[in-house]
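Go ahead and model the full structure; you've got the sequences and the hints to work with.
Counting along the sequence shown from 1, when you hit position 270 you're at 270 in my numbering, and nothing is skipped either side.
Don't take every hint at face value.
In silico DMTMM-like links for lysine to aspartate or glutamate, alpha-carbon gap of 25 Å or less [to be verified]:
#, residue 1, residue 2
1, K215, D256
2, K263, D245
3, K417, E398
Hints in this document: simulated from the structure, not taken from any laboratory.
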Amino acid sequence: MRSIHPALLVSLCLPLIASDARAQELHPDSAPDTARAPTTTATDQPTAQPTDQAAEKKRVLHLASGQSIRVVSRYADGRWEYKGKGGWKALQPGSVVSVALESDLVKQWRARRAALDTRNCDDRAALAAWAARAGLMQEALTEIDAVLMLEPDNAAALELLERTWFFTVPSLQVEADALAAAEDELLRFGASQSPAGRELAAMQLARHPDRAKLKVRIASELRSSVVTRRSFAALAMRRVFPGEDIKPLMARAVLDASADVRKGCALALKAAAEPGLIVPIVRALDSRSLAVRVNAAEALGHMGYAAAVEPLMMRMAVAQSSGSGERLPHSHIFVGRQFAYIQDFDVEVAQFQAVADPQINVLIEGSVLDAAVSGEMVVSFAEESRAIQGSLSKLTNEKPGHTAAAWLAWWEKNGAKWRAEDLSRPKTGTTDAGKG
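Here is the structure:
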């Protein structure tokens, strides 16, 4: 997945400056009051003020439409001009409501980020909102991507994407005969984007005029041979059709070859808000396949249902007591040597001659051992245990240690709470990754 390059952002923004009406047409749901650069009197707002306006410098121009452009600009003949591919282009008088030097804004951005706890997703989302108001759209998108990687359902980040125009997304608001082509373009676009771009594409998918047709199309995308298309299809199911088409999502959450697709499908199962969905996944914890057991443990963590804590703990206890959760593969090994010797002679008489026929036998010296390879099983249990512990941390927000014994000790003290607690809804506010 790739992020949006700053040059692409500029090229996407420039067509919008022709008129406020054109900008509103491209993004009908934008909110100019929130996207526009705030006044410089507020203490939490960008405070850079342009100096030497006639000089050619990189500035952020905030337009009356609520959009921002980040370009080399100057003030001449009573209006602002920006430098494009074809030379200098003038903006209409009054179309620019505020201006700030890019270097000053970036300096403020870096200072704010240096003081930030990057593990706090809400604070990072707030920083992204500040950057978007300042016109630093690329920096804002970078923070939103980081937040969504840590907390895929972070409300502040999703709200910012909903209300702020970042770049043009392929639209489905087309004539009926052009809908199929527009749908293809939007699905390709979504599959190629970073987390923020995918969310914007999913928001556009939600405007599809034929939901039944769209569901069939997304279901087919979930079977695509291209990993990124399957991953985006999982997100589309989660955002547009939460709680629907559960069976293929459940299968993909455990059996898909891609970790991104498995996670996306598990998050779609979380969006269904139905704790009973853990039952088939819990059964997969007893699979003979190590990969299936590990995938199932990870899926339960992503799904977020607190009801999965107890079966995960039970699986950990069983796996630890047996060393692997299954009988070690046994075989027989012979260690020794063989000797050939003459045991006897058979004497035959033929035509007045005696012929001695020697009888050869074999002497075996050594031992036969019943052997089992335990090293492989130790590695298997360690991998499975790590997956279970990671999911338990997501579900409980606890970190008692990095061993199965530490978690089992924690369970002895806290198990009653998790058995008796209301487990009817997914846990929220947990992270899906470590420190960002």
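Hint check:
1. Taking the CA atoms of K215 and D256, the gap is near 20 Å; set against the 25 Å cutoff, the hint holds.
2. Proximity of K263 to D245 is assessed by CA-CA distance (about 16 Å); at most 25 Å being required, the pair is judged to hold.
3. The hinted pair formed by K417 and E398 meets the criterion: a straight-line CA distance of about 13 Å does not exceed 25 Å.
Going down the numbered hints, you'll see the structure goes against none, and every one checks out.
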